[in-house]
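A.B. asks: First to last, the sequence lines map onto chains G and C.
My numbering puts the first sequence at residues 1 to 113.
My numbering puts the second sequence at residues 1 to 113.
Certain hints may be false.
[Unchecked claim] Partner residues are not named here, just some residues of chain C that face chain G (Cβ under 8 Å, in silico):
{"#": "1", "residue": "Phe20"}
{"#": "2", "residue": "Phe33"}
{"#": "3", "residue": "Gly58"}
{"#": "4", "residue": "Ser87"}
{"#": "5", "residue": "Leu90"}
{"#": "6", "residue": "Leu102"}
[As the list claims (entries may be wrong)] Calculated Cβ distances over 10 Å to all of chain G for the following chain C residues:
{"#": "7", "residue": "Thr15"}
{"#": "8", "residue": "Glu17"}
{"#": "9", "residue": "Val19"}
{"#": "10", "residue": "Glu22"}
{"#": "11", "residue": "Asn31"}
{"#": "12", "residue": "Lys55"}
{"#": "13", "residue": "Leu78"}
{"#": "14", "residue": "Glu79"}
{"#": "15", "residue": "Thr86"}
These are calculated hints, taken from the structure and not from any lab test.
We put the CB at the ideal spot given by N, CA and C, even for glycine.
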Amino acid sequence: AQSVTQLGSHVSVSEGALVLLRCNYSSSVPPYLFWYVQYPNQGLQLLLKYTTGATLVKGINGFEAEFKKSETSFHLTKPSAHMSDAAEYFCAVSITSYGKLTFGQGTILTVHP
Amino acid sequence: DVKVTQSSRYLVKRTGEKVFLECVQDMDHENMFWYRQDPGLGLRLIYFSYDVKMKEKGDIPEGYSVSREKKERFSLILESASTNQTSMYLCASNQGAGTGELFFGEGSRLTVL
Numbered sequence: 001a002q003s004v005t006q007l008g009s010h011v012s013v014s015e016g017a018l019v020l021l022r023c024n025y026s027s028s029v030p031p032y033l034f035w036y037v038q039y040p041n042q043g044l045q046l047l048l049k050y051t052t053g054a055t056l057v058k059g060i061n062g063f064e065a066e067f068k069k070s071e072t073s074f075h076l077t078k079p080s081a082h083m084s085d086a087a088e089y090f091c092a093v094s095i096t097s098y099g100k101l102t103f104g105q106g107t108i109l110t111v112h113p
Numbered sequence: 001d002v003k004v005t006q007s008s009r010y011l012v013k014r015t016g017e018k019v020f021l022e023c024v025q026d027m028d029h030e031n032m033f034w035y036r037q038d039p040g041l042g043l044r045l046i047y048f049s050y051d052v053k054m055k056e057k058g059d060i061p062e063g064y065s066v067s068r069e070k071k072e073r074f075s076l077i078l079e080s081a082s083t084n085q086t087s088m089y090l091c092a093s094n095q096g097a098g099t100g101e102l103f104f105g106e107g108s109r110l111t112v113l
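Next up, chain C with everything else stripped away, as it sits in the complex (with noise of 0.2 Å):
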């Protein structure tokens, strides 16, 4: 069965923190995503990769920056958390050149005090 795992369900970190989210995929697809899901706002892009060492702006990139060091795995990474980056974070991949879904984690949920 296909698998996108996020190391951490849940959260809770201190204002200031740097925080590490943590992706791992085992169906060997290219492109991986990092979303941010609110009440109300429904899922906004952080940031995706194409390929290894390769990562592109989504449409809310601010506090956050992603490593991608092997095609399997996706980290999110918050620099300094701060009480506007608690929510919850989904973790998804996808084939280069496939049907367009995506196959999403179980969701990471961060809490920062």
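One chain only, chain G, in its complex shape (with noise of 0.2 Å):
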């Protein structure tokens, strides 16, 4: 089985700043990692995977996240934080190509003036 753990349900940082959300999983297999973002009232829509090949993963809107195998790790990260980014992000794995994912609790990422 697998799971999913972000660390720290709120992030706050100032437009401009360097946006790190963290996410540790578990899996007993090579798993696939994703990042969704949520905003205010939509759906989930991704920001980016990792399947297999190169570790660091570039994404929509700026966004990119290495997968760290010895770490267990999938962190995103943006260098320069926008209003727009304000959302809820959440990391998900999956031991498939296919199939259910399992997701980490969210994290709600404010952005201050």
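Two independent chains are provided; combine them into the complex using the hints.
C.D. replies: Below, the structure is given as structure tokens:
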């Protein structure tokens, strides 16, 4: 079975500051890893995903994440926060290329002017 | 543009009522899922389906059932709604043997009084 832990239910940054959202996973086999974003009153949309290959993954809106097997981590970063990045972010893991994902608890990102 | 459509964005029901949440996808995906989203708990899987008329329990199936009579449609049924089923319900789909990412609908916010 797989699981995901997101460290910090709320993260607050200033506009222009670095964004770092933490995600650790457990999986008995090589995982597929995902970050999703949810804006208020909307469904989830995919930011980026790691399946195989390059461990640094670039996504939409300037976000990227690095798969670190030794640390079982998949932290999400963005060099410079924008007000429009305020949303809830979910890390997810799957052990297959199809089928169900297991989600973390979510991290609400607040961006201050 | 690919789309997962949930029939109702907001519903208010009374305790004991039977509730149907409908979901339709236009991507010819084999797999469909129902998740429940609650603050601080992230997304939890209720039921999923790998094929027409096939269903499997997720992590929190109690009090719910599902129906998949056609490939594009996956319904979540609350036989007798209770106040602890007040939540956001998210439908999602993905392709069998794809890259694993889920495509989400916009969600159905259910309030049970």
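A.B. asks: Of the numbered hints stated earlier in the document, which are not met by this structure?
C.D. replies: Violated hints (numbers, rising): 1, 4, 11; every other hint is consistent with the structure.
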